[in-house]
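These protein sequences, in sequence, are chains X and R.
Residue numbers for the first sequence follow the numbering used here, so the first one is 1 and each next one is one higher.
Residue numbers for the second sequence follow the numbering used here, so the first one is 1 and each next one is one higher.
It is worth saying that the hints were derived from the structure and are not from the lab.
All the pointers check out, no bait thrown in.
Straight-line distance between alpha carbons at most 20 Å, and here's what the computed EDC-like set of lysine to aspartate or glutamate pairs gives: (1) X/Lys100 x X/Asp71; (2) X/Lys17 x X/Glu59; (3) X/Lys203 x X/Glu154; (4) R/Lys66 x X/Glu69; (5) R/Lys6 x X/Glu101; (6) R/Lys9 x X/Asp89; (7) R/Lys17 x X/Glu90; (8) X/Lys232 x X/Glu243; (9) X/Lys123 x X/Glu88; (10) X/Lys7 x X/Glu198; (11) R/Lys6 x X/Glu90; (12) R/Lys231 x X/Glu88; (13) X/Lys127 x R/Asp14.
Listing some non-contacts, in silico: residues in chain R with all C-beta distances to chain X over 12 Å: (14) Ile25; (15) Ser38; (16) Pro111; (17) Gly181; (18) Ala186; (19) Asn202.
The beta-carbon is built from N, C-alpha and C at its ideal position, and this holds for glycine as well.
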Amino acid sequence: MKTIQIKGVSKVYGHTKALDKVDIDIESNRIYGLLGRNGAGKTTLLNLMTNRIFPTEGEVIIDGERVYENDKVLGNIFYMAEKNLYPEDERVRNIYKWTKEFYPSFDMVYAENLSEKFGLDLKKKVKSLSTGYASIFKAIAALASNADIVLFDEPVLGLDANHRDMFYKELIANYSERPKTIIISTHLIEEVSSVIEEAIIIKEGKLILKQSVEELLSGAYVVSGEASRVDKYIQGKKCIGIEVLGSFKSATVFEAVNNKDEDLAGELELELGKAELQKVFIDLTN
Amino acid sequence: MNNTFKIFKYQVYDFTKAVIIFYSIIISISLAITALVSKGLVNVSFGGMEMVTAIFLFIAGLNCFKANFKFMLANNVSRKNFYFGNIIALVSAFMALLDSMLNIVLDFNIPYEGVVMQLYKNDSFVAGFLWTFGLYTLFVCVGWFITMLYYSCNKLMKTVISIVPVLLIALLQYIDWISRGLVNRAVRDFLDTAMGFAYNNNVYVGALSLFIGAAAIALICFLPLRNAIAKD
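Please model the entire structure based on the sequences and the hints provided.
So, in structure tokens, the structure goes:
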């Protein structure tokens, strides 16, 4: 059981506050989506969680122990960074062999099987991998690491639709086989929405939401129809986003729908529909 | 198995290829010269090959930080363990031992003088080994420190630390000029004392000074490493 506590963490780069007093408790054995727009502070947060950079204030605690220079704690986390940190001249197979040195539970057979599945040539040098295959190579290392906490930063960067689908399926299979805490930072929200159990949304360095995807989506809905009627409907309601197309309007309401709402929508000849995670995300972060 | 040993293992792996290539070249040159001398085709004396090894180790020191550090970060190893797992002293000892043995072999076959023989007129194997071990450790530590310092600095600081030594040399030369050779004499006296020439050419004093210098630089190396982060 590895719980992660991010306590009042801030990170300042020169005059830029990348993270501002972020407090998050991450429970073990769940799949989290770390969502935010470009520059929101997602990668900074992942780097702080793995001791790759240091917080300006606050601390990251895993199972009661500070992460700072703590090999015992760090050995339980595998972080697939977007940036390549592996030796460019080394062959993929050798990197996997060395990863096994540092992560004794690393499953070499599984890594080899996955490489075959994804068409990754283990004899290739890291520098000769395309963007997509570099992502595949790092994602396989992460999946095979068998660490208790696995962090993915843009794991499907450069992957085609088939490989992305394979990755999500493999991730679910891996998690079902051996539950672990997984945090996925990605921009492809709609794709990942079926995989993640809980969403952590960061905006301009601040945590704006941490909620289970199910709760989040059941607590929001989309109302659409003729613009003036939609306007009438959303009066007094917590509306987080509006889209207009000619005389047609669609609004995302950040409230659970009740019978009264359904009656009103019926009266106004409006349609009520399920909110999509990506839509809620865009509305919350705009 | 603790992380320090794993890092140690990785660095041995990383250094091995470069060391093999280096000694393949050195041994080939030595064999060629030995063959030429023994057949009487040339009449040369040969020596001071240790300085080639020292330069190789300085360059190895310059090159062994960035990629290894990033790889250690990829595997979530702490900076502390990365520091303690470093094998620069071991590589220096290994190469000093090889060079000392090579000296004996070369000396047996051709007119050859190693650096210690040239400087101290001392042909003891132990003295030669200790002195070259100290020299190599110092060179590799200096290389390691320079690369680490540059790595941890921003653009402005990189410029500053590049300019400061030049300014310092110019300043010392100016002081030397106005003081009629004071700086030169001070440097010479310091080297005479530190390298053991002032103590009846004592090679062990020289070796000790080289080790002290290397240890001081190795200690200072921890300062930029302490807060180092992954960079391109």
